[in-house]
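Chemist: Starting from two chains that each stand alone, build the complex the way the hints lay out.
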Amino acid sequence: MQKEYKTITEISGPLVFAEVDEPVGYDEMVEIETPNGETRRGQVLESTSTFVAIQVFEGTSGIDKQSSVRFLGETLQMPLTEDLLGRVLSGSGEPIDGGPEIEPDEERPIVGAAINPTAREYPEEFIQTGVSSIDGMNTLVRGQKLPIFSGSGLPHNDLALQIARQATVPEEGEDASEFAVIFGAMGITQEEANEFMDDFERTGALERSIVFMNLADDPAVERTVTPRMALTTAEYLAFEEDYHVLVILTDMTNYCEALREIGAAREEVPGRRGYPGYMYTDLAQLYERAGRIEGRDGSVTQIPILTMPGDDETHPIPDLTGYITEGQVMMDRDLHSQGYEPPVNVLPSLSRLMDDGIGEGLTRGDHADVKDQMFAAYAEGEDLRDLVNIVGREALSERDNRYLDFADRFETEFIDQGFETNRDIDETLDLAWKLLSMFPKTELNRIDEEAIEQYYHEGAETEAEEVTAD
Amino acid sequence: MSQAQETDTTENGVIESVSGPVVTATDLAARMNDVVYVGDEGLMGEVIEIEGKITTIQVYEETSDVAPGEPVESTGEPLSVDLGPGMLDSIYDGVQRPLDVLEEQMGAFLDRGVDAPGIDLEKEWEFEPTVSKGDSVAFGDQVGVVEETVQIDHKVLVPPQYDGGVVAEVHEGEFTVDEPVVVLENGEEIAMRQEWPVREPRPTQEKETPKTPLISGQRILDGMFPIAKGGTAAIPGPFGSGKTVTQHQLAKWADADIVVYVGCGERGNEMTEVIEDFPELEDPVTGNPLMSRTCLIANTSNMPVAARESCVYTGITIAEYYRDMGYDVALMADSTSRWAEAMREISSRLEEMPGEEGYPAYLAARLSEFYERAGKFTNINGTEGSISVIGAVSPPGGDFSEPVTQNTLRIVKTFWALDADLAERRHFPSINWNESYSLYQDQLDPWFRDNVAEDWPEQRQWAVDTLDEESELEEIVQLVGKDALPDDQQLTLEVARYLREAYLQQNAFHDVATFSEPEKTYQMLGAIKAFNDAAFEALEAGVPVDEITEIDAAPRLNRMDTTENYEEFIDELEADIKSQLQEKY
Ligand SMILES: Nc1ncnc2c1ncn2[C@@H]1O[C@H](COP(=O)(O)OP(=O)(O)OP(=O)(O)O)[C@@H](O)[C@H]1O
Ligand SMILES: [Mg+2]
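Here the protein sequences line up with chains A and B, keeping their order. Heads up: the first sequence begins at 1 in the UniProt record's numbering, then just goes up one per residue. Heads up: the second sequence begins at 1 in the UniProt record's numbering, then just goes up one per residue.
The shape of chain B in the complex, shown without the other chains (with noise of 0.2 Å):
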């Protein structure tokens, strides 16, 4: 969290009321948004409400104890983060103070009324410079870098709020992120530490078509229903439906340089297993450790609602300010109905005029906003970046017609079901593909034919009406019983199960299954659309389809996915398949 608010403490008020997260003071002076502190502890909140000489305080710590007549102090500030390297491989609270911090003061539970900056303040960086004495530069311009992490250069940018100008000293070395690194001639000096206020969006030049993928290594993401870098997508879903698994797997594997993952009232101990796992676990592409390129923001479940609310923007916010260096950020939200549900929350305390389901009228506008805030971007520099969104969506008795979900469906562009009756039956990633969709398909296209296979779009397809014609027959199986159907009928049948069981499900602990590549994700298709076409022949030919669907080679496209040299295993797989075929005719 910043430390601006230190400084410059205007008027006291005096606390009138305590009711839980929501605590009002009479003559204090703050305005709307303004960071305060409450009590004698010094609690930290945030004006929601003014009316008349009352003010109203969302407070983001516990507030047993405190009592009317205790003071209330106005920080004048908005709520901000403080940006500057060190965010990466850290993990925050809602408020971004550093958990790991926080325990040093405070032992293993989080205690109240402490402080502790959002970055390391002591900490030397070494700083290199990008521009020399007599350049001119303007708001959001390189002026250097630093090795953040073995994966990230930190880019030192001209603050939003800076005029800019021609530099008149510059520093290398070694400095903490408060010391100047670069000075201007107006007077203006740059540190690698800025900060800015989490609920308005960092400024860009212009938003852009996304025209490439986030690749995830999830075939049923990447090979049906794909997210672009700078996308949206949701993935609502019953209890044990499979988000979180998603979300890891997304922050694990996902091709983007940052990833900022936010843990907004969901369980402790996912935080703690993404902590424990990722500094083990290695980027597929560099072999860096993934930690170095991600930021956790971690408010569970039974930490102070109000800083769950704010736990979101502090993300998004984190997300901006590498994207202002040119990088593809991605953005997990684990769960945004915790998030809309701190707002319910806070609103009904506030006794405001409930909307839809008690959540307040302004849930659709928040979330948009917060939407919003993804996509590609051409930045105020001139370079590119993006953030992509992936929110999960937790909705009550798992029904997507309520008020949260909704509200995000008509956001977001990717929409990824999760489906309890195959989390039942423990078909993994349970995403419903006949529910889910993309609408970047037609714009990311072009990239898988240049980039993996020409025929991507058409092999998609073929798998898409496939599993279309499964569902129909289906539904006659269920009358009559499968033995009833004409046998290419029965063949389809055959096929989609491998496409479902083979293909769309994968196994995130398996350590072969749990990424794959695009290369992989299409060979794996194209061997169980050989099997359909070789036994299509077979069938024409007069073979029985008992007889097609008994040949051995067939159950070996089950083995696919867990297979290391998956290349050779499919080529042998192909012309096994296709020699015992034609043997039978």
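If we strip away everything but chain A, and leave its shape as in the complex, we get (with noise of 0.2 Å):
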């Protein structure tokens, strides 16, 4: 239906440029058939009335001049059914599970549309991931986006795959939607994928999940496309069949870097480090896809994982990132080469829903004030660390000492709980009590004087000071 043009002027890294002499829109998806009759997919980025620059997902190599392009008359889309979870997609959406062909019940536009806020819903159920650096320290409430931040070679997938796997809303009652896994690769390494996909099929996760995998020596503008069609099939869902989604997307770093190539071949003025200047926009625009709607029974939560070129926090990626999401949890190196699992270190981790997700009725009265006690005593603790080696614990108040006991004990007895270890909110709450109860009750002066009567562990501070003595 659509006219043929062999009119490709130029071939520049993932980008193709052709003349036209009728309009094309914006965004308009595109067919290129090479000599060899290949078909590549690609996207208008410009439209003018005389020619369109075209980016090319699955890689421009082998299309030459005599290629002949096509316009599809509409944007990219996703076909969506229920049917879809327990496949398995490529990064453009096709099924490579050797599964039966899709389909959908209803197709839509993968750049998808901002949520108006008046119509979302205050994300404020806390959800359980059975790990006490999170639910106890940087609580994940329904229709967050919390993302994990990470570095090379940190166990982060093992962390994700923990909070896919022990996920729950506890005392949430019988008729409660249903929860589904979206997993979004783009650039990881088969091994890692092997990770991935063994574990869904070792805990039978993957009849509620649906994988999109662009794997590491897949075309990288491939990339640009993934994360949009997981978080439309997301939506789809939440919104229209009412689960709740959990959407792990891993590894954006590998998405910015396919945005850097594209910018790079746009020849655009390049922002900080050679990302684009609309990164941060281009980025939220994933990431504000996560929330809960009004008067709908289901919701999008998204665990985004980064690595950090060289664990710089600073680094464009995970910065634009942190400003868009609401929250992060930080993977630590050196609690990684201590052995603790997970290596979360709380101080730089945040989770700004925690505030309206924690408390009496959601997780437990004291929380709150424990939490804040928590974080106190460890960053007094981690700083005496310092001072320590320099001048000696005999050179440290006794209450200084105290501090310290209890930053090594929170590491030991708090964070490294193992991957398989789930632990519920009163388990994590009542071993924050167990370590706070080394200080006299007058230190716990962030926590309420009732809380105390309540759940200070009385004796548990001589026998901290025993400890420091021997």
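Worth flagging that the hints you see were computed from the coordinates, not collected in a lab. Being a predicted model, the structure only gives us computed values, none of them experimental. Treat each hint with caution, since some may be false.
Below are the DSS-like pairs computed for lysine-lysine, each with C-alpha atoms no more than 30 Å apart in a straight line [said to hold, decoys possible]:
1. A:Lys6 - A:Lys65
2. A:Lys441 - B:Lys584
3. A:Lys441 - B:Lys123
Modeler: Right, dumping it as structure tokens:
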């Protein structure tokens, strides 16, 4: 139906430029057929009355000026149906599991529209992940976007899998909506992919999962599409089919590298460290696709994973992400090398939606105070570690020594729980009280006096002193 | 958004190219900054460049599928807002389309090509005239009032474009915003609605030196770095350091008459939080719902970038309109960095010569034009009003040396420096007391002396000095440990710790702690100073420092903040501290 052009004038990196004599819509889908019959898909990046710039998803190698260009007259769509659950798709949404063709109930453009803030429902349902460093200190709630900031070689995948396995909403009634996982892989290795797939199969999670796979050797430009496909599917399941959807996107760093590559090919003025100036907006268009909508039962919760180049938190990728997401869970190389699992450093971690998701009736009445006190005590203990290296333990006061002991026990008992241990919120908070009871009551100045009376472990303080004395 | 555009459409042009939010058109008869409708769907846009036959337009809506050859229509009018009753208790997008109306029309997700007036054109308001037939009015003069919300009387003013003159007719009763309520002899009809182009400041008579503080109920702000009513402030900080929470605290508790909160390129949930919380929260002075004095503008990070560029102007124009009525308005913009980035994005699509870090060369000029619209003013009608502007800044990597932070600091007079390190240890608000400053301090001190306590400035200075001394001593402690310090210095560290933990920290999420009236702020600091004075007396009398710091009354300083009947609590506490210390010698 659409006209075919053989008018390619330039091929540059992932971009193809072609002359046209009829108007082509911005963002419209394009098919390019190479002389040896292969078809590549792409998208219009710029459209003028005489030429268009096309971004090709599957790479431009093999395309030449003889190739034909066909404009499909619509933007990129994702075929949607509940039957996608249990399926494995390519990074651009084609089944790759040998299963039947997808018979969609409907198709939706993958760009997605912004949720009207008046239609949102503020997320405040506690998700119990069973991980103390998250539940106790940086609580996740339904509809939140909480990334894992990690570094290469750190076990972020194990943590993501642990969360996916253990996540529950305690005290939810029988008629609770179902839970689904959407896994969007961008440029990860086959090995990493196997790690996820094996775990999904081992635990039977695959049945309620949809996997989008763009591996390291798949075309980079495809990565710009993968998360949009995943999120379009998530929105469909959440807001049409009432699922509570957990979206794991990994690795966002590879996604951003793909953006940079396209920007460079277009000869755009680069922003910080060569990444496009619009990367904030682009990332926001992904991360903001999380949340709850008034009057709908489902929800979209996002856990994007990114590896920080050079472990540098100020690198544009983690930096822009942190400015958009509702906190972050920070993996720590030191904790990892000491063997702590999961090696989460709670101090630079944050959950911004925590304050409304915890407390009486949600988790426990003492949760907020306990969390504050634990943060303050661990931060103080951490500080003292530097000093103790210089002056030695003897030069420190009894009070200071207590904080040092606290920091150690916090790591070995509270943080280091292992990837297989699932602690419920009461266990996590009771453990916190056990540790806080190392301090005299007057030192617990962030905690409500009634809570101290109720939960403080009498005698633990002297116990701790004996430990120090040894 | 203003509706005038629909009336006088001029000549059509044709789209030449589309690249994201930037569209070019040929043969369009339009002026710079005119509002145009783009494409078959009539997407709203604004002319930002004219070069020969080519007109460049920034489009306020998503441009997917828009193609060359589609029509472009000019309205011949610049981007304007509707001003009139109904703006309070409303939430708008960046071009003043009411988000609740958009939701009714297109559901939970924002679609495009839908237009809606900034204020309800059908709704009738009870107009009460304040002029009579035969009176003479000039532009800016009040002709009547409308009860806009339980809290705010909306004053109907003669629009600035009018000549003014003798009143010929006055109508009392219920009217829609477009029906004339006062008619002048020269034929000019005054209705409750007027329009104003957002990029142009509304006229005033004179700018004055502000002398009254904008009380925020946040101790570190009121007590250490106050902003004036009519002042400007910047809150720069890395992600997660507390910009939004501070802005929300100001929006909730600041003693302004009107609050305009501009969510510029930030999170959807943060706006939802305001929409859900504010109607429930009470104004600490009047007890009315906070929403009754608030106007929200939300262009979240995933909404079109061009509308992000315009949302701060929409906000400040609405603020000016209430100022003209003689109100003290406070405007929060979270975050001005996103606004600057929107400028950068548009500028780079225009292939303009980039300035520092890719920002357009006019960045500094735009920022200062915006902050210049803040101030304490004598209005055209002789009343006094003010606009305080508090802008959040989100520097990449938390590095304050970047262009937006630097250009902002050159203009604003209050600097609240957020600190990642404090945020990490959950010291909130994470405002760094060593780096922050307020240039209003001297002009506001007389107010604090007269209205709170005669020694307010001296007491503050004592706290500042103690904290200064602490940071010097900390450097030594890092080398030798605390115990190596002489007793008096150890005691100073203890006092400083109470200043930080009991006074500067303030939990925004605690029902009692969230708001600290100036009297409480003063008394809390007074209690710590009383401890300081009594402790040093004891030290001089020979009591060892360990015994002094161990008295069990001292830790109760940390509970002043969360105690509801703080006056009683503090009186008792001060007495206990004194007697417990005196027992020791
Ligand atoms: N005064 C306060 N009291 C208690 N908690 C606070 C306070 N200020 C900040 N916080 C905590 O810090 C978190 C981050 O604050 P906030 O969202 O304001 O950061 P931000 O600077 O706006 O970050 P971003 O630039 O990413 O938007 C909050 O979710 C809250 O948990
Ligand atoms: Mg913020």
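Chemist: For each hint, tell me whether it holds in the structure or not.
Modeler: Hints versus structure:
1. With a C-alpha separation of about 7 Å, the suggested pair A:Lys6 and A:Lys65 falls inside the 30 Å cut-off, and the hint holds.
2. Note on A:Lys441 and B:Lys584: the hinted pairing holds, with a Cα-Cα distance of about 23 Å set against a maximum of 30 Å.
3. Taking the CA atoms of A:Lys441 and B:Lys123, the gap is about 60 Å. The hint is violated against a cut of 30 Å.
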